[in-house]
Structures are given as C-alpha cells and as structure tokens.
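S.K.: Based on the sequences and whatever the hints tell you, model everything.
Going line by line, the protein sequences match chains L and F. Sequential numbering from 1 applies to the first sequence in our numbering. Sequential numbering from 1 applies to the second sequence in our numbering.
Worth flagging that the hints you see were computed from the coordinates, not collected in a lab. Note that the structure is predicted; figures quoted are calculated from it, not measured. One or more hints might be untrue.
Some chain F residues near chain L, calculated using beta-carbon distances under 10 angstroms [claimed, not checked]:
{"hint": "1", "residue": "LEU25"}
{"hint": "2", "residue": "GLU77"}
{"hint": "3", "residue": "ARG119"}
Below, simulated DSSO-like cross-link-like pairs (lysine-lysine); rule was C-alpha separation at most 30 angstroms, straight line [to be verified]:
{"hint": "4", "chain 1": "F", "residue 1": "LYS94", "chain 2": "F", "residue 2": "LYS66"}
{"hint": "5", "chain 1": "L", "residue 1": "LYS138", "chain 2": "F", "residue 2": "LYS138"}
{"hint": "6", "chain 1": "F", "residue 1": "LYS71", "chain 2": "L", "residue 2": "LYS71"}
{"hint": "7", "chain 1": "F", "residue 1": "LYS71", "chain 2": "F", "residue 2": "LYS94"}
{"hint": "8", "chain 1": "L", "residue 1": "LYS94", "chain 2": "L", "residue 2": "LYS66"}
{"hint": "9", "chain 1": "L", "residue 1": "LYS94", "chain 2": "L", "residue 2": "LYS71"}
Stretch-level coverage of chain F by chain L, calculated; a stretch enters the list once three of its residues show a Cβ under 8 angstroms from a Cβ in chain L [what the hints assert, rightly or not]:
{"hint": "10", "stretch": "80-88"}
{"hint": "11", "stretch": "120-132"}
Beta carbons are placed, not taken as given, at the ideal position from N, Cα and C, and that holds for glycine.
There are 2 protein chains.
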Amino acid sequence: MSIDPPGFELPLRLFLGFRVLIDDLHAELARQGHPHARPMHGFAMQAIGVNGTTAVELGRTLGVSKQAAGKTIETLERLGYVERARDPHDTRRKIVRLTPSGVDMLVCSARIFDELRARWAVVIGEERLRELEADLRKVTPPDVFRLDVPGWFGTS
Amino acid sequence: MSIDPPGFELPLRLFLGFRVLIDDLHAELARQGHPHARPMHGFAMQAIGVNGTTAVELGRTLGVSKQAAGKTIETLERLGYVERARDPHDTRRKIVRLTPSGVDMLVCSARIFDELRARWAVVIGEERLRELEADLRKVTPPDVFRLDVPGWFGTS
DNA sequence: CACGATAGACAACCAGGTTCACTATTACGG
DNA sequence: CCGTAATAGTGAACCTGGTTGTCTATCGTG
Numbered sequence: 001m002s003i004d005p006p007g008f009e010l011p012l013r014l015f016l017g018f019r020v021l022i023d024d025l026h027a028e029l030a031r032q033g034h035p036h037a038r039p040m041h042g043f044a045m046q047a048i049g050v051n052g053t054t055a056v057e058l059g060r061t062l063g064v065s066k067q068a069a070g071k072t073i074e075t076l077e078r079l080g081y082v083e084r085a086r087d088p089h090d091t092r093r094k095i096v097r098l099t100p101s102g103v104d105m106l107v108c109s110a111r112i113f114d115e116l117r118a119r120w121a122v123v124i125g126e127e128r129l130r131e132l133e134a135d136l137r138k139v140t141p142p143d144v145f146r147l148d149v150p151g152w153f154g155t156s
Numbered sequence: 001m002s003i004d005p006p007g008f009e010l011p012l013r014l015f016l017g018f019r020v021l022i023d024d025l026h027a028e029l030a031r032q033g034h035p036h037a038r039p040m041h042g043f044a045m046q047a048i049g050v051n052g053t054t055a056v057e058l059g060r061t062l063g064v065s066k067q068a069a070g071k072t073i074e075t076l077e078r079l080g081y082v083e084r085a086r087d088p089h090d091t092r093r094k095i096v097r098l099t100p101s102g103v104d105m106l107v108c109s110a111r112i113f114d115e116l117r118a119r120w121a122v123v124i125g126e127e128r129l130r131e132l133e134a135d136l137r138k139v140t141p142p143d144v145f146r147l148d149v150p151g152w153f154g155t156s
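M.R.: Structure, rendered in structure tokens:
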C-alpha cells in the first residue's frame with residue numbers, strides 16, 4: 001500500500017512525459033552524430049542562441065551563477081559545440097558563439113522534437129495535443145528558460 | 001532569433017509544469033514543518049512505502065545503484081524521516097522504515113498535491129485536467145517510479 | 001559443508017552546482 | 001583627467017547526488 005492521492009500522479013506524469021521526450025531526443029541525436037549531447041547542453045545552447053552571448057548573460061538566462069555558466073561553456077567548448085572569442089569593443093568580455101556543429105545539433109534537435117510531437121499527435125490526437133499545450137501554458141510561467149534545473153534538486 | 005519549432009515547446013512546458021508543482025509543494029511543505037524536504041526525498045520515501053524496504057530494493061525501484069540508494073537513505077535518516085533496523089530473519093539486510101515524521105511528510109505532500117491539482121482545475125477546468133492526465137498516461141510508461149532522475153541529466 | 005549469490009558499506013571519482021576571492025578592464029563623477 | 005565603482009572572467013574550496021570497483025558478512029543450496 002502507498003499514499004496515492006489523485007494529485008500525486010500529475011507531477012509524475014508531467015515529469016515522465018518530459019523524460020520520455022528528452023530520452024528519445026538523445027537516443028536519436030546520438031544516432032545522428034551527436035552522441036555526447038546532454039539535455040543540459042541543448043538548453044544551454046538554445047539559450048546561447050545564434051547571436052552568441054557571454055558567461056554572465058548565459059548565467060542570468062539560465063538562472064545559475066556565472067561560474068556555473070562558465071563551466072557549462074567550457075564543456076560545450078570541449079565538445080566543439082561553441083567557441084569563445086574576445087569582444088573587440090570590451091576586452092573583458094568573451095563572446096560565446098555556436099560552431100557549425102553546434103548549430104547542426106540544434107537543427108537536429110528541432111527536427112527530432114517535431115517528429116516526437118507528431119508521434120504524440122498520432123497517439124492522443126492533434127486537437128488534444130494542442131489543448132494539452134494550451135493548458136500547460138496557462139499554468140506555467142511564460143518565461144521558458146530559467147529552468148533552474150539545479151534549483152529544485154540542489155543545495156538548500 | 002532562435003531555433004524555435006513547435007516541438008520544442010512541449011518538453012519545456014511539461015518540465016515547467018512539473019517544476020511549478022514541485023516548487024509549490026516544497027514551499028508549502030516548508031511552511032508545514034518540513035523545511036528540509038527535497039524533491040528527491042519525496043520520491044524516495046514514496047518508493048520506500050509504509051511497509052519499508054532495503055537499500056538494494058530501493059535502488060532497483062528508483063533505478064539507481066544500491067550505493068546511491070544507500071546514500072539517500074542516510075540522508076533521510078539524518079533528517080529523521082526513516083530509520084533502519086536489522087532484519088531478524090536475515091542479518092545482512094537492514095529494513096528501512098518511515099518514522100512518524102516521515103509518514104507525516106508524505107501525508108502533507110499528498111494533501112498539498114491535491115490542493116495544487118485543484119488549483120489547476122480552477123484554471124483550466126476539471127474536465128480538461130482529466131483529459132490532460134489521461135493523455136499523458138497514453139504517452140508515458142506505466143511504471144511511475146524509475147524516474148532515473150540522474151539518467152537524463154547525468155554521466156554518459 | 002563449501003561455495004556462489006546477496007546485502008551493505010567504503011573509497012575514489014565525476015558532473016554540475018554554490019560561494020568567496022581575485023584580476024583585468026570599462027564607465028563614470030568630481 | 002583621474003580615482004573609484006561596477007563588471008567579466010577565472011580559480012579554489014566545497015556540497016549533493018550519482019557512478020564503479022572492492023570488500024566483508026551472511027545466506028542458501030548442491
């Protein structure tokens with residue numbers, strides 16, 4: 001026996017839905033030449049965007065410290081997904097930009113996410129899926145980044 | 001500008017929905033005398049259940065190594081949510097059981113989750129919420145534990 | 001009764017986060 | 001025009017939660 005109220009299932013299903021999508025994405029990404037991509041990388045690179053950014057800015061966007069953002073950038077750099085260059089107008093800053101490989105990873109992700117969404121549409125119907133998205137939009141903050149992934153898991 | 005296909009929003013919304021619920025839960029749990037509870041703890045304690053379990057078993061249920069389960073149990077023990085006792089029938093085993101405080105935390109969580117779900121029902125309608133849950137059930141694995149929280153984030 | 005399987009614990013390591021402290025550079029006000 | 005405050009990046013020390021590998025104690029069985 002377990003304590004099992006109706007309300008307990010909702011967060012679990014939301015998380016499982018998220019996890020299923022992310023797992024499938026990365027299985028497919030691995031097949032398409034990006035075996036080292038991690039969920040975090042996708043979020044960070046989406047936040048970096050095609051115009052580039054800096055460590056401080058990325059940290060603010062993702063809701064983590066600039067040091068943590070710096071570590072993430074280092075990792076992405078090691079994987080060849082981004083590169084850094086000094087800003088000529090402000091030599092303190094280092095602009096982080098996606099490499100072609102990074103752009104490719106993002107393009108692949110976009111395509112795969114579309115395919116996964118289409119697969120869901122087949123299972124539950126396009127109409128219901130649109131309703132599901134609309135409903136989630138109503139109960140979640142509009143700000144799509146600031147996942148604060150560490151926050152809900154991390155240090156007190 | 002960013003790479004922003006329709007499919008990209010879905011996982012984000014699912015995760016944000018999850019996060020909103022979990023954040024609200026823990027804000028409320030803190031107010032109700034459980035300020036040290038973490039998301040992980042709730043999952044683990046739900047998996048431990050009122051009948052108790054062992055480290056190996058808990059690890060299997062949660063989809064992590066027995067060592068990781070052991071560490072989690074240690075933490076929960078330090079917080080006073082569980083206690084361990086040797087199994088008289090098999091002195092290798094140590095049965096982990098919820099303390100009254102642990103049960104209280106789970107009971108509080110159950111009540112709060114119900115309240116949060118009711119709040120969602122007000123926003124999007126009870127009917128739509130039921131549909132949302134039903135649709136998610138169709139696209140997620142039936143096995144509600146095995147979140148593999150580390151898995152989608154962790155080491156390759 | 002010996003030997004394989006199991007439960008738990010310990011160590012070393014990794015990833016990703018935090019804070020504190022420091023340097024280099026830029027921006028600004030007296 | 002210069003001294004000072006603010007900002008960008010980095011490094012170090014630490015925390016949490018995970019991993020694998022190894023070791024011991026106990027159980028169960030041929």
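S.K.: Between L:LYS138 and F:LYS138, is the straight-line Cα distance small enough, at 30 angstroms or below?
M.R.: Holds, at roughly 22 angstroms.
S.K.: Take the C-alpha atoms of L:LYS94 and L:LYS66, compute the straight-line distance between them, and say whether it is at most 30 angstroms.
M.R.: holds, 13 angstroms
S.K.: Under 10 angstroms is the threshold here; is the Cβ of F:LEU25 close enough to any Cβ of chain L for the hint to stand?
M.R.: Holds, about 8 angstroms.
S.K.: Compare the distance between the alpha carbons of F:LYS71 and F:LYS94 with 30 angstroms, and conclude whether the hinted pair is satisfied.
M.R.: With a Cα-Cα distance of about 14 angstroms, the restraint between F:LYS71 and F:LYS94 holds, given a limit of 30 angstroms.
S.K.: For the stretch 120-132 of chain F, do three or more residues have a beta carbon lying closer than 8 angstroms to a beta carbon of chain L?
M.R.: Answer holds; 7 residues pass the 8 angstroms Cβ test.
S.K.: Under 10 angstroms is the threshold here; is the Cβ of F:ARG119 close enough to any Cβ of chain L for the hint to stand?
M.R.: holds, 8 angstroms
S.K.: Check, residue by residue, whether the stretch 80-88 of chain F contains three or more positions whose beta-carbon lies closer than 8 angstroms to a beta-carbon of chain L, and give the verdict.
M.R.: violated (count 0)
S.K.: Check the hint pairing F:LYS94 with F:LYS66 against an upper bound of 30 angstroms on the C-alpha distance.
M.R.: Status holds; Cα separation ~13 angstroms.
S.K.: F:LYS71 and L:LYS71: Cα distance at most 30 angstroms?
M.R.: It holds: about 26 angstroms lies between the C-alpha atoms, which stays within 30 angstroms.
S.K.: Can you confirm whether the C-alpha distance between L:LYS94 and L:LYS71 stays at or below 30 angstroms?
M.R.: holds, 14 angstroms
S.K.: How about F:GLU77: closest beta carbon in chain L under 10 angstroms, or not?
M.R.: Check failed: Cβ of F:GLU77 comes no nearer than 17 angstroms to chain L, outside 10 angstroms.
Figure legend: structure checked against the earlier numbered hints; hints not met, in rising order: 2, 10.
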